[in-house]
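Residue numbers (the working numbering), protein chains in the order written: chain U, 1 to 309; chain L, 1001 to 1554.
Do not take every clue at face value.
Derived DSSO-like pairs (lysine-lysine); straight-line CA-CA distance at most 27 Å [stated by the list, open to error]:
no. : chain 1 : residue 1 : chain 2 : residue 2
1   : L       : Lys1351   : U       : Lys184
2   : L       : Lys1297   : U       : Lys10
3   : U       : Lys149    : L       : Lys1137
4   : L       : Lys1297   : L       : Lys1237
Because the hints were derived from the structure by calculation, they are not lab data.
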Amino acid sequence: MLQKFFYQGKGLFLQSLHPAASITFIAVLLVLAVIFTHPFYLIGILMVTLLALWAADGLAAWEGYLKVALWMVVLVMAINPLVNHNGNTVLWQGPCLPLFGQIIITMEAVSYGAAMGVRLLDMVSVFCLFNLIVHPDRFFSLFSMFARKSALVVSLATRLFPVMFAAMQNIREAQQLRGVDFSKGTLRERAVKNASLFNILLVSSLEDSLQVAEAMHARAFGSGPRSRYRRDIFRPRDGICLAGSIFSLGVSVYSLARGLGTYTYFPELSGLFSGSLSLLALAAVLGGLSLPALLSWGCNRCHYLKLKI
Amino acid sequence: MSLFEVENLTYYYPETEQPALHNVNITIEEGEFLLIVGGSGSGKSSLARALTGLIPDFYGGRIGGTVFYKKRDIRSISRRDLAGEVGIVFQDPEKQLVMTGVEAEVAFGLENMGLPQAEMFRRVAEVMSFLGLTPLKTEFTTTLSGGQKQKLALGSVLAMQPRALILDEPTSQLDPAAAEEFFNLIKRLNEEMNMTVVLVEQRLDRCFHLADRVMVMENGEIVRDGPPGETAAWQVKNGLPFVPPVATLFARTGSPDVPLTVKKGRRLLKKKLRNGDKEMTVALDQQEQVMSPSGGKPVVEVKDLWFAYPNGREALRGINLSVNTGEFLAVLGENAAGKTTLLKHLAGLLKPNRGKVTIMGRDTRQATPRQMARTVGYLSQNPNDYLFQDTVAEELRFTLANLELPDEGRVDRLLEKLDLTRHRQANPRDLSSGERQRVVLASVMVAGPRLLVLDEPTRGLDYGLKARLGSLLREIAKDGTTVIVVTHDVEFAAEYACRVVMLFDGRVACDGLKHAALGSSMFYAPQISRLFRDIDSSVLTFREALNKMRLSPY
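Full structure from sequences and hints, please.
Right under this line is the structure:
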């Protein structure tokens, strides 16, 4: 059931990208979601991410992520106006509440809360995209260029996670049929029952870890410097996507330096666009980031393009 | 030329007083296929580890004597060099895979050896192609079947291009088809590539004949070493069980020739069985007659059971089944046929999407697993899922306390019955695999269930432990508890069950008394039945075969 939320090899264009290209694309999306405050940029990043999710056949998975994220987004949007009393345009003044003081809802705080909600949505969507298009081994392989041992530890943990999840379920079932009712009892009693599950899992995992270590030892792990197996080929498509991501990042830095990507919420909302340059910069940023999805669309329709890149 | 020479090898694991290996002396020639057999704790796995340098390099402990590899003391060879010469595949594929993806797993050992990219790529490509793993190269290792995982474990060792391959019970977790495929691969490696193979195995009917030499171990010592036929005859004469059924049968009847395969056995049988015609049938196994309840109220009733997992995979499709009091039923079938899913329905852990499961007249849809626990005893595949108390007795008392049942001597009686009294105060995790399994059996039997369901209980057990478990389950069934066992072990099902259900793709493909179900099967027939096919179809168990042979003078 949870499989749709994680990487599944479907032979998609975005999954065929070199990890350097796909991870750069993801990283740029994430960085831009953090550094921009302008609502149009934040919405634009969301649109581009959704486009990529569509190209990665991941809209169904994204809906799953959305079910969890939407609560957080609504919470951010609701709490921000309650605690943030900045802003000149007062929409509503309420009674005095403990902790919050007097409730003052301003237009600026509502707008800021909404923008932060969109930013959160951007990040969740980018995370979803990462899970769907980057194979963990390829990611760790790239990561191991810088931190070999850490990458291996993370890879090992990633592999063991579903195994331990299944083991936990088996232990729970075995306990249930020895009369343990995990839903009954006081909080403390239930905590004790659940602790016994972890106890069994921990002891079994420790025993298993010795066997894994032995197998690694037998395959010469730790016998000296390791080399790195690279199976990825850098193709024109990777160059185009990488160039698009770097171009977008460059334009973004330029926009921020020129004050085009920032937006003033307090004390009063500033105008949405200061001129045609800001629109052009936005189009350039989004254009560069749309390249992977557009190429994916093109390759699905044009065999010639697919062969050439 | 000898590849390994072991001289006066004695080894103690850390903090133990009993040697795991005692004065072992052997020579293994290059290109030889050596099979090591023996009971649990006989020192087979320790010897395998000594040949790979894991003992004492990984385990520590005290060691005496020397293992030479190509005339060099194995301890003087660097680990990296040794890994490129001697590879080992372990029992459980789950616990020897490291990476998340298939291709990365094959490359893992090569990276550890520090090989250049071009060399790694060539070796990965060759191995994946040889083992037929290429279509799986982008798969996650967790999504592979048991057979595929073990093949991958083999591939990741073969990529290191060892001269010798050590295999420690590599098929114990596999179904019969996957085990057969695995042994065929090993045979190819030995015959076509002159790879030296040292195999430690319990599934002897499929590999005994492949070996050039068989070594029998007991208490850390080699008690016999010789050609397979000769070793088989010696074992039977000395009451050791580590021989394929067909060889045991002929040796027991005093035949001077001891065949190791069904093919040779049939040739011999046809030649020697003077009255091998149809009317020469033997009486059914008495045990089966005793254990095939003719009537009574059914304990288990499954009506039109359908079940699909949340990912949409239909695991059970219209299952109908009725099992009576005291019946001993074996459920067979390939991987993913729905066996475990059916078992979980019988235990009340899963609820039907459609249809109905009743246990002792109670609809499982209306009962929680805790309510079912008084009626159903459930043993999952891994005994370690149960054990967490400090002593064996506490494990049993834990079940009683949860179900609010009084002790009234139950714990003592059960420990006595399962030969666990001497381990009463021992930590269950310190016991051997067979003993752990008996503790788990006791911890569910203490509630006095009317139905006992077991998932793959013979996994990793040697012949002796398997026989002991089979007899115990028979006894439990005889006492009136219905026993249902899911197993891949056809020999076990044939020998101990009274009825067999075969599942295929979530449906019942066959349901009947074991003679009818297994005797007519092509691939799920035990070795004895295959031996007597078209000679006497009523012969299925070892006892029946022995009777038949004795009734037919040579």
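Verification of the supplied hints:
The hinted pair formed by Lys1351(L) and Lys184(U) meets the criterion: a straight-line CA distance of about 20 Å does not exceed 27 Å. Restraint check: the Cα-Cα separation between Lys1297(L) and Lys10(U) comes to about 52 Å, which exceeds 27 Å; the hinted pair is violated. Our distance criterion of 27 Å between C-alpha atoms is met by Lys149(U) and Lys1137(L), whose separation comes to about 23 Å. The hinted pair formed by Lys1297(L) and Lys1237(L) fails the criterion: a straight-line CA distance of about 46 Å is larger than 27 Å.
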